[in-house]
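Undergrad: If you read the sequences in order, they're chains A and B.
Straight run, no breaks: the first sequence in the numbering used here ends on number 1003.
Straight run, no breaks: the second sequence in the numbering used here ends on number 212.
None of these hints come from the bench; they were simulated from the model.
Since we're looking at a predicted model, the values are computed, not measured.
It is possible that some hints are incorrect.
SDA-like cross-link-like pairs, simulated, lysine to any residue; straight-line CA separation at most 20 Å [to be verified]: (1) A:K795 <-> B:T77; (2) A:K795 <-> B:R52; (3) A:K795 <-> B:R65.
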Amino acid sequence: MHEQIAANKRKTVLLFVVAIAFTALIGYAIGFLFFQGGVVGVVLATILAVALSLGSYFAGDRIVLASTGAREVTAEQEPRLHNIVEGIAIAAGVPKPRVYVVPEQAPNAFATGRDPEHSSVAVTQGLLDIMNRVELEGVIGHEMSHVLDRDILVGTVVATVVGAAVLMSEFFTRSWFWSGGRMGGRREGGDGGGIIVLVLFAVGIVLLILAPLAGQLIKLSVSRNREYLADAEGVLLTRYPPGLISALEKIRDAPHAMRSANNATAHLWLEQPSRVPGQETSTMEKLFSTHPPIEERIQRLKEM
Amino acid sequence: MLGLWIVLGVVVLAVVWAVVAFNRLVTYRNRAEEGWSQIDVQLRRRYDLIPNLVETVQGYAAHEREVFEEVARARSAAIGATGAAEQASAENAITSGLRKLLAVAENYPDLKASANFLALQEELTGTESKIAYARQYYNEQVRLLNTRIQSFPSSAIANLFHFERREFFDIEDAARGPVRVDLGSTTPTES
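The following block holds chain B by itself, in its conformation from the complex:
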């Protein structure tokens, strides 16, 4: 009789553990997905900003056609990209294109002083850092999810219910340390 109770107790405990482990996996997976959609929102915001920015710079520097084309090309490549790795490399192309664009803008004092350009520049800097923060959050959640999926005993539950590991999203991998994409925004102390 006692033996039966012990067996029953062990079974109940195992079931409870399995449910808890499953729910935690779901939580981690949802957070990773949430992180991914946040990256997506910010990337889209950057796509939307690009035409405005190009147009503003064009108003002052119409002959710098090369840079405009490069940015436009990178933008459409990024919009059409699929998968984290391809997306990341396309986004890097946009970032470098935008850097060139802003470097060009440096040569036109009237442009740099225009309120419209300053507002766009702030929006762009803000969006760049939001992309960096979204990526930081996403990668952290992916790391937690992948660790859970790989480590025993939660790996058993993960295999049973087909939880899949996710790819990290690496933009600007060359920049070690703080990922800070500073596009030369003006700070109040400097201006």
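Isolated chain A, as found in the complex:
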């Protein structure tokens, strides 16, 4: 367990580097196209990326909790939930996270917080109402694994950093489009240099157009892989796969859809909030999903 966590920490650092490099690259393209040279863009974009990373590092959990309308509950209000969260925290050897309930009928849950010392677990009222003890333990085990793997941190930071790059590129491609394609500088130059500039130019524009898509895909694939991992590790904590299997089945069969289905926080939940119950998912949808299909998750758990 602890070894796995250490490996995950290293992966997290790598991911940060990739995310910031991605932003810097976009910054370079913007700088190159609009401000005489790429360096200004790289500096600006990197500063922005680092600032946003730090911001989401320290305040991400509060923002997420506030945006979902979660309220903290005491052990007296929800003794069963508190007991389960504490039990799973003991099994994982980490401090007990804070416990929140989201007033929402669709059964779902998420965890947030930058590290195990500053973590929170939130479940919806609908989940509390329909799950029995072992199922709830399965769900909390899954969420606790996200805490242990620092997936929350990764999710929040990747979302913010990639989001910023996407935002910048969209902003600049639009303003460029509306200004009739005028550029600052880079007009003159020798014949040989002209071609190189032109090629770089084309590359820059393609990069800017592809950036939102690439950013989104990075975010999604990170999210999907970590869901399987959290399922497996959650079961390692509870030592009881049928609990999580039956919880996922209940979620699959629940008639409610989330009211506050929000793209920015979609990847944080136990099951994708925007997914309409009982609907088939196409290949295209799979590529753009934050979560693997619930059937596949159930299948993998059954094979364990």
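On the provided structure of chain A, position chain B as indicated by the hints.
TA: Okay, now just chain B, sitting in the frame of chain A:
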């Protein structure tokens, strides 16, 4: 000259390795101790719950004296127990005593419906599963520690600094598979 450097390099590497190996052993030992104290906390919580629970059940079923005495006896035996093995068998006696107590409670609908009893039952179920989880964590850490102490080359460091292997804590060994001490808690779907 080159030979001297090589020897020096090997010595430095060996020292660095020894320090790292020592520190890892300390980490594992501390985690095992932490795990043990967590088990202790949860066991104590259960000792504290027992008098309350007995009193509540007594209020409705005063004549079931045998069960009350059995639980009380098991409790004081467990509090006085020393060593992981003795502790474990004493705790098993408590668990079986509590099962009987709750089975008795089944016969008294008024008791089962009382808010006080329900709250105590939830506390007890919660504590039982926390004991199971604490034990799971402790045994995992002990396994890691013991493996480090026994396997070469870290065993050399372990012997030199007298790291000792720890006992596993086995409650309810008869129950293979998921260790889930379900004391018949009511789930919302059932109630």
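Undergrad: Evaluate each hint against the coordinates.
TA: Hints, one by one, checked against the model:
Between A:K795 and B:T77 the CA atoms are separated by roughly 30 Å; this puts the pair beyond 20 Å, and the hint is violated. A distance of roughly 16 Å separates the Cα atoms of A:K795 and B:R52; the hinted pair therefore holds under the 20 Å criterion. Distance check on the hinted pair: A:K795 and B:R65 sit about 19 Å apart at the alpha-carbon level, within 20 Å; holds.
Taken one by one, the earlier hints fail for this structure only at number 1.
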